[in-house]
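Note that my numbering numbers the sequence shown so that position 18 is 18, with each residue one more than the last.
Computed Cβ-Cβ distance ranges for the label pairs, DEER-style:
#1 VAL53 <-> GLU202: 35 to 45 Å
#2 LYS136 <-> ARG170: 15 to 25 Å
#3 LYS235 <-> SER40: 33 to 43 Å
#4 LYS133 <-> GLU202: 45 to 55 Å
#5 GLU202 <-> LYS73: 43 to 53 Å
#6 VAL70 <-> ILE237: 32 to 42 Å
#7 ALA164 <-> GLU71: 15 to 25 Å
Calculated cross-link-like contacts (lysine-lysine; reagent style BS3-like; alpha-carbon spacing at most 30 Å):
#8 LYS100 <-> LYS204
#9 LYS136 <-> LYS73
#10 LYS119 <-> LYS68
#11 LYS100 <-> LYS214
Please keep in mind that the hints were generated in silico from the structure rather than gathered at the bench. Being a predicted model, the structure only gives us computed values, none of them experimental. No residue lacks a Cβ here, since even glycine has one placed at the ideal position from N, Cα and C.
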Amino acid sequence: MDYNLENKVALVTGGSRGLGAAICRALGNSGAKVAVNYFSRMEEAKSVQEEIVQGGGIAEIFQGDVTKEVEVKKLCESVTTCFGPIDILVLNATLIHVHKPIEDLVWQDMVDHFEFFVKSPLLLAQQVLPSMKQRKQGRIINIGSEVFERGIPRFSHYVAAKGAQLGLTRSWANELGEYQITVNLVAPGWIPTEMHDNDPEEMKLDYAENVPLKRMGAPSDIGEMVAFLASDAAKFITGQRMTVNGGNTMV
Numbered sequence: 001m002d003y004n005l006e007n008k009v010a011l012v013t014g015g016s017r018g019l020g021a022a023i024c025r026a027l028g029n030s031g032a033k034v035a036v037n038y039f040s041r042m043e044e045a046k047s048v049q050e051e052i053v054q055g056g057g058i059a060e061i062f063q064g065d066v067t068k069e070v071e072v073k074k075l076c077e078s079v080t081t082c083f084g085p086i087d088i089l090v091l092n093a094t095l096i097h098v099h100k101p102i103e104d105l106v107w108q109d110m111v112d113h114f115e116f117f118v119k120s121p122l123l124l125a126q127q128v129l130p131s132m133k134q135r136k137q138g139r140i141i142n143i144g145s146e147v148f149e150r151g152i153p154r155f156s157h158y159v160a161a162k163g164a165q166l167g168l169t170r171s172w173a174n175e176l177g178e179y180q181i182t183v184n185l186v187a188p189g190w191i192p193t194e195m196h197d198n199d200p201e202e203m204k205l206d207y208a209e210n211v212p213l214k215r216m217g218a219p220s221d222i223g224e225m226v227a228f229l230a231s232d233a234a235k236f237i238t239g240q241r242m243t244v245n246g247g248n249t250m251v
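Please put together the full structure from these sequences, using the hints given.
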């Protein structure tokens, strides 16, 4: 489904592949000017950008480490110079996830995840909020996970950081509501992307069997939800966790 995002500027962190790429495509298909952020995968980011442009959309690629304050400032300034003020901020960038039992965890494991799911959202929000507040409009969309509700074992570093991200979403929604800035979180289930190429097939089949819809989702499912939340159709929705996982959690 297409939502009218014409003349809106969207910055998607970690947009070169996986869920980020699908989000960029969905926003581009809806008419947004898409800033595809990447850290190291320039060719993949270019491919996403070219796909959007070939489909009649507008997109450019922007390199930057979204956990570093100086680079975040430069990234947002570059996007604004290219497209204008950022209207839609999608916080999708992530890191490689490694399961670890409690006994093997070190504090740095926690810090690494909080860098992406708490520090990075904070740095980016601080850059875009002055303009959003002045114009009394804006969308901040976190990409969370069902793991917080499911409490996945040997994954507490990731689960804790995703829980913190949900806390940010709710607190920021309350704080920014008076400026007509909505803040929501999309919580995907296990959706196969390039990151999961080496995951055992039997694990995927077992997961799908326990989902009420008896299948796994696709990256485009997440992209469509983000496009919806970015649009005027969702202008009265804020502080919500929008779960997209085929009913795997029902809270």
